[in-house]
Every structure is written in C-alpha cells, then in structure tokens.
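Participant: Please arrange chain B on chain A, whose structure you already have, making use of the hints.
Protein chains: 2
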Amino acid sequence: MYQDALKKYLDDLAAKLPAPGGGSAAALTAATGAALISMVANFTIGKEKYKSAEDEIKNVLSSSEDLRRKLTNLVDQDVTAYKKLSSAYKLAKDSPEDKRKRHQAIQEALKEALAAPLEVCKCCHQAVKLCPIIAEKGNLNLISDVGVAVAFLESGFESALLNVEINLKNIKDEQFILGIREILEPMEKEVDAISQEVTSGVKKNLTR
Amino acid sequence: MYQDALKKYLDDLAAKLPAPGGGSAAALTAATGAALISMVANFTIGKEKYKSAEDEIKNVLSSSEDLRRKLTNLVDQDVTAYKKLSSAYKLAKDSPEDKRKRHQAIQEALKEALAAPLEVCKCCHQAVKLCPIIAEKGNLNLISDVGVAVAFLESGFESALLNVEINLKNIKDEQFILGIREILEPMEKEVDAISQEVTSGVKKNLTR
Chain A
1 MYQDALKKYL
11 DDLAAKLPAP
21 GGGSAAALTA
31 ATGAALISMV
41 ANFTIGKEKY
51 KSAEDEIKNV
61 LSSSEDLRRK
71 LTNLVDQDVT
81 AYKKLSSAYK
91 LAKDSPEDKR
101 KRHQAIQEAL
111 KEALAAPLEV
121 CKCCHQAVKL
131 CPIIAEKGNL
141 NLISDVGVAV
151 AFLESGFESA
161 LLNVEINLKN
171 IKDEQFILGI
181 REILEPMEKE
191 VDAISQEVTS
201 GVKKNLTR
Chain B
1001 MYQDALKKYL
1011 DDLAAKLPAP
1021 GGGSAAALTA
1031 ATGAALISMV
1041 ANFTIGKEKY
1051 KSAEDEIKNV
1061 LSSSEDLRRK
1071 LTNLVDQDVT
1081 AYKKLSSAYK
1091 LAKDSPEDKR
1101 KRHQAIQEAL
1111 KEALAAPLEV
1121 CKCCHQAVKL
1131 CPIIAEKGNL
1141 NLISDVGVAV
1151 AFLESGFESA
1161 LLNVEINLKN
1171 IKDEQFILGI
1181 REILEPMEKE
1191 VDAISQEVTS
1201 GVKKNLTR
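These protein sequence lines map, in sequence, to chains A and B. Per the working numbering, the first sequence starts with residue 1, numbered consecutively. Per the working numbering, the second sequence starts with residue 1001, numbered consecutively.
Hints in this document: simulated from the structure, not taken from any laboratory. Some hints could be false.
Taking lysine-lysine and the BS3-like style, the derived pairs with C-alpha atoms no more than 27 Å apart in a straight line are [claimed, not checked]:
{"no.": "1", "chain 1": "A", "residue 1": "Lys70", "chain 2": "B", "residue 2": "Lys1007"}
{"no.": "2", "chain 1": "B", "residue 1": "Lys1008", "chain 2": "A", "residue 2": "Lys70"}
{"no.": "3", "chain 1": "B", "residue 1": "Lys1058", "chain 2": "A", "residue 2": "Lys16"}
{"no.": "4", "chain 1": "B", "residue 1": "Lys1101", "chain 2": "B", "residue 2": "Lys1083"}
{"no.": "5", "chain 1": "B", "residue 1": "Lys1016", "chain 2": "A", "residue 2": "Lys47"}
{"no.": "6", "chain 1": "A", "residue 1": "Lys93", "chain 2": "A", "residue 2": "Lys111"}
{"no.": "7", "chain 1": "A", "residue 1": "Lys203", "chain 2": "A", "residue 2": "Lys189"}
{"no.": "8", "chain 1": "A", "residue 1": "Lys204", "chain 2": "B", "residue 2": "Lys1189"}
{"no.": "9", "chain 1": "A", "residue 1": "Lys16", "chain 2": "B", "residue 2": "Lys1204"}
{"no.": "10", "chain 1": "B", "residue 1": "Lys1169", "chain 2": "A", "residue 2": "Lys137"}
Short derived list, chain B residues pointing at chain A, Cβ under 10 Å [to be verified]:
{"no.": "11", "residue": "Tyr1009"}
{"no.": "12", "residue": "Lys1016"}
{"no.": "13", "residue": "Leu1028"}
{"no.": "14", "residue": "Thr1032"}
{"no.": "15", "residue": "Leu1036"}
{"no.": "16", "residue": "Ile1037"}
{"no.": "17", "residue": "Ser1064"}
{"no.": "18", "residue": "Thr1072"}
{"no.": "19", "residue": "Thr1080"}
{"no.": "20", "residue": "Ile1143"}
{"no.": "21", "residue": "Ala1151"}
{"no.": "22", "residue": "Gly1156"}
{"no.": "23", "residue": "Asn1163"}
{"no.": "24", "residue": "Lys1203"}
{"no.": "25", "residue": "Leu1206"}
{"no.": "26", "residue": "Thr1207"}
A quick note: this is a predicted structure, and the numbers were derived from the prediction, not measured. All C-beta atoms, glycine included, are put in the ideal place defined by N, C-alpha and C.
In isolation and in its complexed conformation, chain A is listed as follows (with noise of 0.2 Å):
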C-alpha cells in the first residue's frame, strides 16, 4: 500500500550516504506530527457537536497544512545543505591560502547546513502551539493522534536542535552562537511545557 513509496526514502536513510541523515528525517517526523493535526481538524470540522469551535478549527487546519507544506519541502533542504557542506570539507588544503578558503568555505556551509534544522525548529514549535486547541476542541474519537501529533513534533524539534548544535559546535562566530542560542533557548522550553500538558491530558482522557 504505502510502504513501497517509503522504502526509497527509508534505504537512503539507511545506507551510507552522505544524505538524507537526522536533520532530513527530523523534517519528516514533524512533517507527520503536522499531519496528523490536519487529519484531526479534518475529522472535526462539519460535525454538529464541534460546531461551536468550527471557525477555530478551521484556522488550525490552515496553519497546520502549511506547517506540513513547509516541513515536507525541508525533508530536500536539509538533503542539499548537507551536500554543500560536504564538498566544503572535501577543498584542497595545501597551501595556507588552501586553507584559508577552505576553512571560509566550511564556515559558510555550516551556518547554511544550519538553516535547515533552525527552520525544523521554529515549525515544530509553530505547530505544538496547534495542539492544545485540537486537544480541546477537536473530534474527541481522534484524542490518541492528538497524543501522537504532540510526541513527532517534540522529538521532531529535539531532533532538528541536536543537528542546530551538531553545525554550531564547529561555527566559530561566537556573536553567530549566542543569536542562534537565543532563539532557540525559549523555543525549547514553550515545546517542553505545552506537549508535556497535551500528553498527560490525552492519557487522562485514555485511561478514564
């Protein structure tokens, strides 16, 4: 059914290629926690006993659809980054003036190679804030995907910040450093704190 479309994708993955690799796969994680989301606004929306929250759902829909637009197209950008970054490393490196250049050259594919993962991030971090709305408002038979919508976009952002850090610990621009920092820092903490309330009210509701 689905699974020979998900192969290619999940050999690559696997095999030892210089990409895709945990940033790509990051993108889809979140890509499916989207998803998910939409599938349960799609299962409320024109049902007579949400139709006080329609409106709401209808908005959540929209921004979730194009969370899940921005994080499938990242599942490439990441694959392309990291190519980029990869021939940086493979320059020349015998003169001093090799060097120079190749070490500007590296430098300027790892804050690109950056860039992707930083997006991953400020989606899934869009898209928790979806949850609890959906955990609330939305089809109370789909309660379990909200659950698992909350888990891919966590594990989805924690996953695009290991590779933010993984780029970060060879950036020698400290000022570059502290504003990625920055951004990311509170980010954490809100999808920390938001999927931690939306998970243990989806269990509560399970086990009642």
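Facilitator: Same frame as chain A, now just chain B:
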C-alpha cells in the same frame, strides 16, 4: 527529490480517511529511527578507527535492518486492521441478535487492531536497546544521528502505546487487558531509561 514519494502518504494521513492514522504513523517514525541506527552502523563498519567493535556493529546493523523491515510492514498492517474495525462498527444493530454479533465482531476487531501497535512497541523496545552500543562504539561523527534515532524510537513507542490504549479502552476482556499491560509496563520503563541515558550522553558529546 524525496518529497514527492512521501507526499502521498502524508496527504492521506492528513485527510478525512479512516486510515492511515496515528498507529501507522508510529510505525513510520519508528522505522525512521531504525534506519538511522543502520546509517550510523554503515558509516562505522570498515573504518580502521572502529575496527575493534566491527563484529558488534555488524550485529547491530543486522538487527536494525530486520526491525526496519518489520516496522515498514507495520505502516500498512495498521491500515488494514483499522479498516476491519471500522467495518465492524458499521454492522447492523437492529435486533438483539444483530447487537450481539456486532459486539462480538467489534471485540475481535479491537484485539486485532491492537496487534499492530503492540508489535510496533516491541520493535521499538528492541531497537532502543541497540542505541547504547551504537552511541558508545559507533562513528562519533554521527553522534547526533544516534540522538535522533533514540528520540524517534521513544516517540514511536509512546505513540504506539497510545494506540494500544485507545483499543484497550473498549475491550471488555479483563484478562486480556491485564496480559497486555504486563507486557508493556516493563518495556516502557526500559525504553524511557535507555533513551534518557543515550540522549544525555549525546548532548554531553555535542556541547563539549
């Protein structure tokens, strides 16, 4: 590059369709985690620096590839099981005899629907146990990918568990419920403990 192949699955996941849903998505995320273990193993095997652990890493690869294959199959199995449950709920409930038959069909379909996410839990548990070995003895350049793998396997486990729970909620056979909980509770503890340990090891490595 890859997004076209992934789009059909994500579109159907987001859509108002009985399946795929969260259970199938849990299998996909877990398969992605298993693929990342294989990737790290593939980038370790054959390297002089990691020669002493080569046999162990080859065993990890063989297990992770086996688990990836099972998990990829489960992406579709969950879809099939869900459709059967959906049909059972649609059976006639006019006469007491109809009601009895419908109840029995639903109870059977619930147990079947639970089998796929239960299997995902078992595969995630097996795959998580490979992570400490690959974190300790695998290619250190790919340490962030080990972190991504364990994050996906943990969220795959938790997500599959929610899908077991939502089926258990409607199952009336108390002995069956107890049997399932006895399998899953120690597994969940082990998955949590190992993934916390691996994640903190990966983070230490990335920030030093």
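Participant: Enumerate the violated hints, using their earlier numbering and listing them in ascending order.
Facilitator: none
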